[in-house]
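Note that the protein sequences, when read in sequence, are chains A, B, C and D. Here numbering that gives the first Met the number 0 is used: the first residue of the first sequence is 0, the next is one more, and so on. Here numbering that gives the first Met the number 0 is used: the first residue of the second sequence is 0, the next is one more, and so on. Here numbering that gives the first Met the number 0 is used: the first residue of the third sequence is 0, the next is one more, and so on. Here numbering that gives the first Met the number 0 is used: the first residue of the fourth sequence is 0, the next is one more, and so on.
Fair warning: there could be bad hints in the mix.
[Unchecked claim] DMTMM-like mimics (lysine to aspartate or glutamate), calculated; alpha carbons at most 25 Å apart, straight line:
(1) C:Lys170 to D:Glu343
(2) D:Lys214 to D:Glu343
(3) C:Lys169 to C:Glu131
(4) D:Lys170 to C:Glu249
(5) C:Lys170 to D:Glu296
(6) D:Lys169 to D:Asp154
(7) D:Lys170 to C:Asp198
(8) D:Lys170 to C:Glu226
[To be verified] Computed footprint of chain D on chain C, listed as stretches where at least three residues anywhere in the stretch have a Cβ under 8 Å from a Cβ of chain D:
(9) 308–314
(10) 331–338
Please keep in mind that the hints were generated in silico from the structure rather than gathered at the bench. All residues carry an ideal CB built from backbone N, CA and C; glycine is no exception.
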Amino acid sequence: MQRNSLGWWLLLLPAFLLMTVFYIAPILQVLTISVTEPELGFGNYERLLTNMGVQRVIGTTLRIGLITTGIALLLGYALAYVIALAEPRAQRWWLLCVLLPLWISVLVRAFAWVTLLRRQGLVNEGLQGLGLIDAPLPLVWNEFGIVVGMVHYMVPYAVLPILASMREIDPRLLAAARGLGASRRTAFLRVFLPLSAPGLVAAGVLVFIFSLGFYITPAILGGGKTLMAAEWIKLQILDIIRWGMGTMLATVMVVAILVTLGIFSRIIDLRRMFGARA
Amino acid sequence: MQRNSLGWWLLLLPAFLLMTVFYIAPILQVLTISVTEPELGFGNYERLLTNMGVQRVIGTTLRIGLITTGIALLLGYALAYVIALAEPRAQRWWLLCVLLPLWISVLVRAFAWVTLLRRQGLVNEGLQGLGLIDAPLPLVWNEFGIVVGMVHYMVPYAVLPILASMREIDPRLLAAARGLGASRRTAFLRVFLPLSAPGLVAAGVLVFIFSLGFYITPAILGGGKTLMAAEWIKLQILDIIRWGMGTMLATVMVVAILVTLGIFSRIIDLRRMFGARA
Amino acid sequence: MEAKAHALELRSLTRRYGSFVAVDGVSLSVPRGAFLTLLGPSGSGKTTILMTIAGFVAPTEGMVLLDGSDITPLPPERRDFGMVFQGYALFPHMTVAENVAFPLRVRGLSRADRDAKTRAALDLVQLDRFAERKPSQLSGGQQQRVALARALVFDPALLLLDEPLSALDKKLRAELQEELKALHRRVGRTFVNVTHDQDEALSLSDQVAILNHGKLIQLGAPATLYEQPRTRFVADFLGKSNFIRGLVRESRPSGLLLQAGATTLVQQAPGGPRPAPGTTALLSLRPEKIALLAAGETAENSVSGSILSWAYLGSGFLLVVRTADLGEIRVALPAWRAPIAPAEGLAVRLGWSADAAVPVEDDLVADAA
Amino acid sequence: MEAKAHALELRSLTRRYGSFVAVDGVSLSVPRGAFLTLLGPSGSGKTTILMTIAGFVAPTEGMVLLDGSDITPLPPERRDFGMVFQGYALFPHMTVAENVAFPLRVRGLSRADRDAKTRAALDLVQLDRFAERKPSQLSGGQQQRVALARALVFDPALLLLDEPLSALDKKLRAELQEELKALHRRVGRTFVNVTHDQDEALSLSDQVAILNHGKLIQLGAPATLYEQPRTRFVADFLGKSNFIRGLVRESRPSGLLLQAGATTLVQQAPGGPRPAPGTTALLSLRPEKIALLAAGETAENSVSGSILSWAYLGSGFLLVVRTADLGEIRVALPAWRAPIAPAEGLAVRLGWSADAAVPVEDDLVADAA
């Protein structure tokens, strides 16, 4: 296997270069525009400190991202726990149910939530029919609607790394804890929870980063009233044609994401996030 | 572990019901609108047979989906092969490079491609500078641009299941094939390729289904000239306010996806597609 | 010490999974301070019995008694049994000391008590130097000793061991067998061990229970089981044995006279029911109890044959001798000053005394069912 | 048959990985038709040597010769060696017949030839009934036989076996050892086997090469290695042994006189350089060559002690006897008609003849380095 390994690598070099250019070039291009349009310099970045609009967008994005992450982790952990403890046959079905939404276009799902949550939607009419409320609740075209749609999108991404982490836990450890005198609850808190924590952290990073760059769901369920970063970038570039500002925020997002990943890659195995163990 | 298992399940029942409602209800709602708006009946579905516009959109979507799938599989297989054969340390880096784009908002990436491929973009100016072309090539706001952007988005999704499948191959099998008299090429064709085929099929299904529902990339890189299904649905619902037609095509897509999955779930393990081995 | 040791009893314990009977009416009692080993092939129900004792599996029928009181309905954490799991099941996120202190912590002991007892338990297994390490930084043998310390630190009523040595390599296993035996003597508690390794069962235990298909086949001291196996399964599972089938010609208190082809065999039949003349009897004959007879030498039983194959094992030879009347007979021969140099086809005469073999029941049919 | 067997030679083979020396100047030759086993602990370089012979690893120095011609630069597929991998490495997507036909197929044989040879090879290992099954539908032992058939079907110059029996359980391993030995005799080809199991090496091989830290320590027939180990490592790795250190008082052709504390030992020293008087010598004494002396009985060497611990093994006892002058001595005693009932603290007298022990080099220091 060792002989000719140099020739082997020379063969791969073009592929390697192509991939690097193919993947890195677009990102670099965005970065460049942010310091060249409308004029050379860091003018666009100064707006971060002065422009209230950008600051509000960033604040909204971070707030919605954190709320979404929190709820998705909670639901994801509960689901992953149920799946991890289920019989192998049942596990298959649960997993299929959790993954099913991933197959359906995020656009279709966003519209589905609009139809459910709008004033004449199923939820409001149902609650009114039951007499629980008098007037329709404002469930959509606000942050509530965005969070519902985003959580719905993110739960499968939260389940996968948590489940992978739970599956690595030797079930005998729980039996051992019980056998050594721990109640079900103590065994969970002292053994299962700490051992599944890496998956929880990985899921948190994954969901949070995904939330930051989300476009379709906030755009449709926010109804243009609540602006998150991705929609703001699109507005700058396509509607106001201010490429410089748009790419500036895009660059900030990319840098923020890479820094976050850099920090967490020291703590956790990034491959965990995709459920792929190396 | 067996005692109290009924009580245990009763505890989980609310969670189970909630998830079912949470996940299934939005989809059912979409389906309902497609047969109730503008009037009760299958009128919207009849348009599938009569409306040239819908037919063209479906044709375009399928064509672009197939081309994207083909290219993404080719690149994904090559990349996965390189990663699978690399040293563990190198593998880590390769994998990080492949997964990195997943972290960056699809919107940002679409804009990046626009800046690269437009008439005054880096690619056209580079080729002109080298004297290879006289006039800028039409690289964006057409199907070519869409395919480039979609392949870029899909390659990581193609790599993961293929890589998972390759990792399951015992490396001694290749050594055994060589030791039994097979050349490097024969060992690849007779042993490695057939054993990695399940991953290839899984990746193909995943990428194709994802392509069908793609919205942002075709919308931005197509420049409104090439319509794919998701953008057409958005146009119907948001711009023309024809909820019936939009939800009809959405329903058709969901059904088509579920049928495809149903067929392939008999052939391959669906969990493979997410790199998660149960 | 004896005061801390408890007696365990199983009363017609049965566990079914659907139509599959994992444990089939097993009754046995373990005296205070004894070392009992449950021995059997995989699927014999030995682990299910241990898990029933530990409380992880509820029996379908029967009960588990500790010092005469029924503990069948108690959940595992209320039984106060120490357990060493297969693969040790050490908590990977805790240090060695935290692992050992875990049972004390969940029992709400004070910090000072916990520290003192943990230190004493780590001393017991000579691992005090490793208290702050993580289990993954220890060797297999050391992990096993941490598991033992953790199982003993809270003065459990019983120590349960689920194949405690199976993950270790041969040399280390022999070493830890000795340690485990010494530990049992030192702490003077009742141990219940599960294994499929006959050598481990023989060398460690006071009592061995041989199981097959969920049933208890024979219970006794190691030497009793090896020298007086009740059935063919026991003789075959505990060490190697030759099985000789013969027609009973005479059956007297002094012994049996068996006919196998043209060969007549003399066999003592100590105690128990003797087979009636005219029936067939099955004898179990250990390879090491057969001698090679020199020319002119005689023995109570003798048979001629030729060497079919042989293997050199360093300390001895294992011969397979083909005989006309008794089929293939395995003979273990010390290599040091062996009377012959083994070679295929070499004619040899085998001899053994009337008390060398034992009559056994033939449970092979039941075994195949 | 002999015409098809080939001779293999390794000339000062060395393989370095950075500063780590996996194989360190190993020279050995395997005669035509021999069964050579490379035996050593993990990390001893045995597998690297096998992979170098197979062509998967290129040696840093030295060469591999087949029938005298250098094959070092050939890639594995051009060497025409059959190989059985650890874990078998059967192709899971092919049937048993397709697996066995694979080497014939890549060699471009016609369909008829392929079918005939495949059938013959499956017959050889008695698996013709399973030709259409997938490997996953076979037991471990059957898979192992498919791997053998696949490695032999193309009439290879050499059969290489990489721990072929390590994945099997104890009983099956003993069975397949016999089969492998019979197969070697039947096909009459040169076999090179790698194992860390001393019993397998002793019972299977014509020649055993003992390796440690990449170096060849001793090469010879199994009985030679067991009875005349050159070094302490060999004696300790092949079976159990006691090691006795003594001061040489006299050194004559008839033997040595050693002093260990107050005990004087008589030792034959057959051939080789004899240690000079005044130096210390190390003896290796196998536990089974020590006898318990009855009162009044004498032996050329004898020492008194008391039983420190003992284990019952069914066919025998293993005693650890503490002596004043020689430290702890392990004694293997047959259990059948044992002269004593072992008990801790029992006083015993041990005896052995002048030819029971062998002087060995002490390579323990080198081993620790």
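Against the structure, the hints:
1. Restraint check for Lys170 (chain C) and Glu343 (chain D): satisfied, since their Cα atoms lie roughly 23 Å apart, inside the 25 Å limit.
2. At roughly 42 Å between alpha-carbon atoms, Lys214 (chain D) and Glu343 (chain D) are farther apart than 25 Å, so this suggested pair is violated.
3. With a C-alpha separation of about 28 Å, the suggested pairing of Lys169 (chain C) with Glu131 (chain C) is violated against the 25 Å cut-off.
4. The suggested pairing of Lys170 (chain D) with Glu249 (chain C) is violated, with an alpha-carbon distance near 37 Å, which exceeds 25 Å.
5. Among the hinted pairs, Lys170 (chain C) with Glu296 (chain D) is inconsistent with the structure: their alpha-carbon atoms are about 35 Å apart, more than 25 Å.
6. For a cut-off of 25 Å, the pair hint linking Lys169 (chain D) to Asp154 (chain D) is broken: about 30 Å separates their Cα positions.
7. Distance check on the hinted pair: Lys170 (chain D) and Asp198 (chain C) sit about 13 Å apart at the alpha-carbon level, within 25 Å; holds.
8. Of the supplied pair hints, the one linking Lys170 (chain D) and Glu226 (chain C) holds, its CA atoms being roughly 21 Å apart against a limit of 25 Å.
9. Evaluation of the coverage hint for the segment 308–314 of chain C: fulfilled, as 6 residues show C-beta separations to chain D shorter than 8 Å, against a requirement of three.
10. For the segment 331–338 of chain C, the assignment as covered by chain D holds, since 4 residues bring a beta-carbon within under 8 Å of that chain's beta-carbons and 3 suffice.
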